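A.B. asks: Take the sequences, apply the hints, and build the full model.
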Amino acid sequence: MQATITDDAILSVEDLILRIGVLTVEKMELEKKLQNVPKIEEEYKKLVVREQDLVNQLNEISKKYNELSEALNQERLKVSELEEKLNDYKVKKRN
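Numbering (the working numbering), first residue to last: 2 to 96.
It is worth saying that the hints were derived from the structure and are not from the lab. Quick caveat: nothing in here was measured; it's all calculated off a predicted structure. Keep in mind that a hint or two might mislead.
[Stated by the list, open to error] Quick list of in silico lysine-lysine cross-link-like pairs, DSSO-like style, CA-CA up to 27 Å:
1. Lys65 to Lys79
2. Lys47 to Lys64
3. Lys64 to Lys79
4. Lys47 to Lys34
5. Lys93 to Lys79
6. Lys79 to Lys94
7. Lys40 to Lys28
8. Lys79 to Lys91
9. Lys33 to Lys47
10. Lys46 to Lys33
11. Lys46 to Lys34
C.D. replies: What follows is the structure in structure tokens.
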């Protein structure tokens, strides 16, 4: 039986063959993952576009909400003014 000396230990031929087998499997797994990289990049790009679309929609909704809120505040102010006029009229009518 032959042995190889490394920094860590002495490895037999069988150990070397086993390590080569493990490295070969790891290499094949990495190659498989690398084949998926373009697909993953494309999915990522689609998600970025979708995210931006949702951000734009949220901005539009916020803008409309602010406009409606301002309109509601103006209507509340009108109601308050009318209530004040009504109260003034009631007071004048009593006197």
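A.B. asks: Please go over all the hints and tell whether each is borne out by the structure.
C.D. replies: Verification of the supplied hints:
no. : hint           : verdict
1   : Lys65 to Lys79 : holds, 21 Å
2   : Lys47 to Lys64 : holds, 26 Å
3   : Lys64 to Lys79 : holds, 23 Å
4   : Lys47 to Lys34 : holds, 20 Å
5   : Lys93 to Lys79 : holds, 21 Å
6   : Lys79 to Lys94 : holds, 22 Å
7   : Lys40 to Lys28 : holds, 20 Å
8   : Lys79 to Lys91 : holds, 18 Å
9   : Lys33 to Lys47 : holds, 22 Å
10  : Lys46 to Lys33 : holds, 21 Å
11  : Lys46 to Lys34 : holds, 18 Å
In terms of the numbered hints stated before, the structure departs from none.
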